[in-house]
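Colleague: Below are the chains, spelled out letter by letter.
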Amino acid sequence: MRLSELKKGASAVVSEVEEAHAADPIARRLRELGFVNGEPVRVVACGPVGGDPVLVQIGFTRFALRRSEAARVRLVNGTAT
Amino acid sequence: MNAAAVPMRIALVGNPNCGKTALFNRLTGNRQKVANYAGVTVERKEGRFVAPSGRVLQLLDLPGAYSFDAASPDEAITRDICEGRYPGEATPDLIVCVADATNLRLHLRFVLEVKRLGRPMVLALNMMDAARKRGIGIDIAALESALRMPVVETIAVQRGGAKALIERLDMLAEQVPVVARVGAPEDAMLFSSPNSDGFAPSGAPTADGEMDLHAQVRALLSGAVTMPSATSIVDDALDRIVLHPVAGLAILGVVMFLIFQAVFSWATPLQDALTAGVTAAGAWVGDLLAPMPLLRSLVNDGVFAGLGAVLAFLPQILILFLFILALEESGYLPRAAFLLDRLMFAAGLTGRSFIPLLSSFACAIPGIMATRSIADPRDRLTTILVAPLMTCSARLPVYTLLIAAFIPRHDVFGLFNLQGVVLFTLYFAGIASALAVAYVIKRMRRDKSEHALLMELPSYRLPHPLNIAIGLWDRAKIFLRRVGGIILALTVLLWFLSSFPAPPVDATLPPIDYSFAGRIGHWMTHLFAPIGFNWQICIALIPGLAAREVAVSSLATVYAMSVADDAATTQLGAVIASQWSLATALSLLAWYVFAPQCMSTLALIRRETNSWRNVWITAGYLFGLAYLASLATYQIAKALT
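Line order of the protein sequences matches chains X and B. According to the working numbering, the stretch in the first sequence is residues 15 to 95, in order. According to the working numbering, the stretch in the second sequence is residues 5 to 645, in order.
The set of hints was computed from the structure by calculation and includes no laboratory data. Glycine is no exception: its CB is placed at the ideal position from the N, C-alpha and C atoms. Check the hints yourself; a few may be wrong.
[Unchecked claim] Facing chain X, according to a computed beta carbon distance under 10 Å, are these residues of chain B, among others:
id, residue
1, 109
2, 114
3, 218
4, 253
5, 455
6, 619
[To be verified] Residues from chain B that keep clear of chain X, each with C-beta distances beyond 10 Å, as calculated:
id, residue
7, 322
8, 355
9, 472
10, 505
Excised from the complex, chain B in its bound form:
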């Protein structure tokens, strides 16, 4: 058959925490395509790699699943694709089932379930390095003959750790028919024989059927695996501290606080460098365009001023994701969920909401997407509704600007500086209000049947640089695409609104007062004057609705236009510090704790919940909270200062 023309399609399946994604990264490197499955929003990761023979193999990374008896949309997709009945997805030619060699008691059960499908398959025993370290002995030959399928060892986090798997796949590509045929189990007989050797037929999720599967796993383990102890000494020791009722919570608090201090202090030199670079580029291009004042204004005041101000926040977003990805890889995140479950459950959430909500600190979009791992639809909806209250990194530009301009760099207790403390307070306000809103939702809900936790706490692992680098690269791409697309378009639109119509010849006020933007802003102040917003802020709020970080670039544009000096673009902080009262600044900070989220978040909520009602509820309650919080902040601050 012609392997060069039609690459063999391989699906990667396995339990959650089996190292499947690390293996996928190891095999495909950065030759990955991340998208969604048609119609639903479960992430679809596909990649290719070239085997030593020059054969191209196509790899699909399916969502992790404990069982084909799906308890979440992710598991349903994995089941449907493996069974070859997912619309729009070709049946995989070969299934690679990944199992954690240190966790075979659980993972072999799913291997057996996949085997029942009767499709060509290979078992990859991953994390063999960890298994050897723990003295776990696995008789590969015995396992192969008992399972009647090829079994290979892999170490996904090691260079060359997938060599045996690649060679095996290359070999199998010779034998497996490449054009997938649904319901042709005779092709599969070569590798495993379904339902003919006394196995219970699939689709029997009864207690007896389960007992049968588990009995088979026990038989496999006793025949092929020797295990000196059930647990890892390292895990036991770490869990004793990390899950300790007092020490564990203290560690969690310190970790969270360190992240925010790091985001605020490490990023500064990088930000300064980026800002300087963009300013220099703007000046250079501006000089070239000197003969054309209108175009020069567009490029300098629209494109470079706006884009530059936003681009400068890339370092912070990357540092935040660096921490989130590292915590995720290390296995710490589920521990944090364990510690917080009771608290979050009381508030109407679940410990599992912790991971989506933590991701929402970077951006509500990956956060809301991560809610797919929450099996209970009610818990999932509540998490989605409160996710925008987590302070996303798009709000950081606004916070950073205002804090740097209005809050002095005092030392507090000789340890932290006041700016960091204020930032921490803003984050905390978001968290507290999210818990409060979730509690209200819980009270209002009619269906009060039980919610499930059932969460696995995986072994601790050292985060691997390759996986973190690929994760960071994905985030950077998403952020830059937003900067390049929506934000650029909005910045230019705003430049247009603030440049036209031109002021009359006998103008006495700054030109922007005569423009469309000036008029809209002045009109909006009727609504926003009680919370202390001037018309410049009002203008910036409009594009800020489309994407929150644009508010900063909009302010830069508005102020660059309304003062004569071009240099003001780069010194926005100094300008607002001299023009705004402290009460206004604090009110704007409070506004952004709740601020109605960006359009892309609302669009995602529509897509994830399939309901416009949820979109209106979210936008409405956020606007109401934002207005009330700002009103209280402004009036109190004004009375005190």
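This is chain X alone, in the form it adopts within the complex:
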């Protein structure tokens, strides 16, 4: 499952960030912002048009990600808390 598929209010744990293409700067920045293996995330809100962007709580911080960005984040399956 991917972060972009997570429903509003649902929690999960990050597995890894996938590169959409070689040397993907968006993937690198996502990792820098804390999207790394084992990190719990929660979808706090969705944008008013088409649920895009999504607001993700990670650690003590909230980041707004477009759906295409959130789709790079693979989640650990079956660990909803």
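Since the structure of chain X is provided, determine the placement of chain B on it from the hints.
Modeller: Relative to chain X, chain B alone:
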């Protein structure tokens, strides 16, 4: 060492939203120097403060960064200065890394990255008040020994909230060598030891390197920090409403509308007072100069009439910035960007464009400068190109004058008055056309690879009066400098053009008809007659190109010169109301929605994009749109009235 002669240079670094600038304001007060880094246009803020020992410390506020793996020009500057390889900037003697105590999971990662540089550093845990309120416990001693660097608590928004930091810096100034030496890490060993304790070497932005950094952060947190809950209850509650798909958009609309109503109604008494003051001063000086009619005319019709009319708009600019600064400080602006991202993305922009574009409502110059926070160069260029379509405050003088003269003060639905509604419509026209132009640019662009958003939504904060006061003071200085410099020079030039040559003895028309300005204006009417502009407007358009607000003072000068009564200077509105048709007034309003922007904006676009082509594109498309809009407005209005 002689600390009095060479002040210790301290660089302030930290993640965005760590309260770094508030801390900088707290430490330096108004002893700040704001400029740009040589060659580029990232803002460089420097200040000084005196420690209790009498030692002078020099402080440089570096742009906020998430990582040294720079994703924007701002982050690149922060990295290069910290690493001591930014040309023309001395390596800082000491780095103060600021971290938000309520957001350590993210901010400690950057602290570790800075630590890898091996330079003398201090960690300032800022917003300790908010952390305590949320029940966050931080074991400072444990953090100090784990990080092997001094750690102090600060509360940037509280008087005396930086006391511990100042004392620590004062103490460290004794030990840190003041003359910066590049690549001398042995000096730094005193405070932190780089690369020797199993840390991954810097410059390894691999997934593994990242994992390593994050693992260290987790270890630090589990050893020194207790956190009852990951989020603040206040943030959760506010975000539930503010980011709600329906309620959130409604709130955003109300906030925007309130700002414009406030700008239009609160400023009036202040404006009246300023205008009265300038008029009185002009009359008083005019009486002193009565024996010298030419000089008296220059001072009264040139300097006081022109300058006074422009100065009167300072209150509006300050009220607008008051709102922008307060919204920025409160953390609301990124929420607005979140709500609007999908819409702006569809138009070829990004949610991040919202902040630069909102600033452009005050002035396109700070707006275009704010585009530096947009990492994607394509998004940045589009934002720069459409920023002049946002109704800048320099256009307000023109709008205010015309609306007051031509639009009645009717109540609409018993809530708003018609004047406010017209103003809102003009602003809206600017926004709508900006979205349309951005969409066209997006269609025409060849490179269609992905654009990033990745935006942090910081905790809500109460805006602090000190930071807003310093921000307002900066804006006032910029505006007054423009009034004092460009605008004064242009007003006087225009007075010259409209005073010479003098009319012949047997003149039948007003004197200005015989002057240079009259001739230029008459010649221009060939082009502008189809859109309803008379020659007085045409004359005012010329200096209006150099700085838009001058158009009003130019009209004042032109009309003061062409009617016998001196009092007309102060009653420009009444004069134009009696001389212009409604269609002409509406056409001029439409013109100013698009009006080719001031020279300083064009110069800035040249500097920011390093391309004359972008300058010509901007000026060309704005002129074309302005002419077409005015043509349509004038012809339709004429047909209807």
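Colleague: Would you mind marking each hint as holding or not holding in the structure?
Modeller: Do the hints match the structure? See the list:
no.	hint	verdict
1	109	3 Å, holds
2	114	9 Å, holds
3	218	5 Å, holds
4	253	6 Å, holds
5	455	8 Å, holds
6	619	29 Å, violated
7	322	31 Å, holds
8	355	7 Å, violated
9	472	24 Å, holds
10	505	62 Å, holds
Hints 6, 8 from the earlier list are contradicted by this structure; the remaining hints agree with it.
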